[in-house]
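All chains should be built: construct the whole structure from the sequences, respecting the hints.
Which chain is which? The protein sequence lines are S and X, in order.
If you use the working numbering, the first sequence corresponds to residues 1 to 375, in order.
If you use the working numbering, the second sequence corresponds to residues 1 to 375, in order.
Rather than coming from a laboratory, the hints here were simulated on the basis of the structure.
Hints are all accurate, no fakes.
Intra- or inter-copy, both count: the list cannot distinguish identical chains.
In silico BS3-like pairs for lysine-lysine, Cα to Cα no more than 25 Å straight-line:
| id | residue 1 | residue 2 |
| --- | --- | --- |
| 1 | 190 | 361 |
| 2 | 140 | 261 |
| 3 | 122 | 190 |
| 4 | 256 | 140 |
| 5 | 113 | 140 |
Number of protein chains: 2
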Amino acid sequence: MSRPGPIGSGRFAPRLPRSGRDRLGRRGTINGVTLQDSPFLRACQRLPVSHTPVWFMRQAGRSLPEYRRVRADVPMLEACARPDMIVEITMQPVRRYEVDAAIYFSDIVVPLKAIGVDLDIKSGVGPVVAEPIRDLDAIKRLRDLEPDDIPFVTEAVGELVGELADRPLIGFAGGPFTLASYLIEGGPSKNHEHTKAMMYGEPDVWAELMQRLSAITLEFLRVQVAAGASAVQLFDSWVGALSPEDYRAGVLPYTKWIFAKLGELNVPRIHFGVGTGELLGLLGEAGADVVGVDWRVPLDRAAQRVQAGTALQGNLDPATLFAPWEVVAERTRDVLSRARAAEGHIFNLGHGVLPTTDPDKLARLTDFVHQETAR
Amino acid sequence: MSRPGPIGSGRFAPRLPRSGRDRLGRRGTINGVTLQDSPFLRACQRLPVSHTPVWFMRQAGRSLPEYRRVRADVPMLEACARPDMIVEITMQPVRRYEVDAAIYFSDIVVPLKAIGVDLDIKSGVGPVVAEPIRDLDAIKRLRDLEPDDIPFVTEAVGELVGELADRPLIGFAGGPFTLASYLIEGGPSKNHEHTKAMMYGEPDVWAELMQRLSAITLEFLRVQVAAGASAVQLFDSWVGALSPEDYRAGVLPYTKWIFAKLGELNVPRIHFGVGTGELLGLLGEAGADVVGVDWRVPLDRAAQRVQAGTALQGNLDPATLFAPWEVVAERTRDVLSRARAAEGHIFNLGHGVLPTTDPDKLARLTDFVHQETAR
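The following block contains the structure:
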């Protein structure tokens, strides 16, 4: 079924034929443009693109009035478990912006909730775990995630893929270190001291926890891909709290395993964490096709830190959007110019959209990147 | 007055003679050991030391029961303005630990409070500014800091220098970016969006603010040195939120000015910010004699990023102290081993002591570093 020529020559191309539906029933051609032709999926594969693709971390979320409206009476974890909400929220930014990809709306802790961990997302705080998990017994009670635990994911992704047509859907999951920190600290943590104490002081206990969380993360992404997601992003949000040696010893083996298993699904894998300047090479080494870079590391510098065969994603400082448009334009040009040092580039912010960001500026920014990079 | 030989050969040595008192009335010799002989001041000057000097950021603070006791009924800003409290709190860790230096107890916002900015430190939140400063008019109302605004500093430092004898006192001030962020955001901020919007979008307004804050910072340190502090540390805590180019354009000129002026005082200058892996070279370029490194960047890697003639301070992960002692020892040995790549080394944590840290572990850690490095 694979085809020669520019389309189908990419690393991930064999899975989806130029037209018709693949074995998962996904459409390959919409209005004469195939999903695999999309600049986003091509850039992930470091193939030439008609323009630099754009999406924004947290493009679906509090910055949009329509998001605040639909979420007004619906708690976060309920929204993440209702296919109608997931579809609506995932689609909202796609209706506003000419972004080149949608990102599955969820929260990092959704798979934990799905296996029965007693947790809630408290407004203004974040996820709060009723009973922090700090010993082997508690860890061993974390059971595997089964597709039946998350029927809403399959349903929502299926619907989204139909609505998005030729626009790729990126699957979403939190990384195992970040999940471990929530479970061990019992909520958001600035210093991750209990997490690190376990990682540094009880390596066997830590390994057991990380193995379980990695399997859960993998399954959460696998279900999204099986339902039609065209790429995945693993957000290990807080992994930047670790030194390179600690990341190498305590996280890399698990992330590597997740990415290796994801490799069998034949979709591009993006890996991102904030404050990971020292870890960029290791994030790539873990097996990511695309490494996300926060705004602290210029992309030309980041390109030197990742190994050959890695595309980059990023990295306009989200705070830039609070400055006048001329500043946004100038800084965006700088990002695009430095990105030429990368083998492939997906334009994004260096972290999530800030809640008070003006959506009109994001719309303008999307168009600006497309215009500036049109070939 | 300066002397040849190993003592007196350092860059900062001419100021303080081997014995007697200098022009500020500071003692030069106590029990046959001069202040300038102290391992801390020698390490700052990259001179050979009898053991690697140790101190801990936030060694005075909530981790100590005696601190919690004296602070129980005294609000933070009152404690920072009372000489008896400053002396007591600064001395508390020195009584417990064999640390090689004391650090003047204060808070970053004390000089702002002293010039009349309406602010308070709220427990569990941090500094809160009644009216955030976001335009030129408000900035122009920030007046200069005069020594008469802070008589308690002069009094407390004078007393401390007497009590500390041959143990150096490090002067303390917050850096101008961090002060600007508190003033502009109105309190602690995760994303510094208003601060960055001003820095990126209104460079002239930003320059006016930074000039005023730099002058205030300089004066706050100058008063401490005039009263007898033997070194200074500029904590620009949040500067790690900036990309290298933004730091270079928006902060470096001001820090450079502060350090140049401090150079006239002839005391070692330490510069620290958390998450500054990408900025280490620039922090040194600003004119620091010692660059503090957080735990994310191994010291051997940090040594490659700073220019010749710079000592390093750091950098055990503060969370390590929550792991068993064997882990603390092993990781400390690793820090000491990597530090051999630096021209001078002052042992410290990579960030402040966490409030729930066991003080006995810090005592043991201090002794351990001394033993491991005794020459």
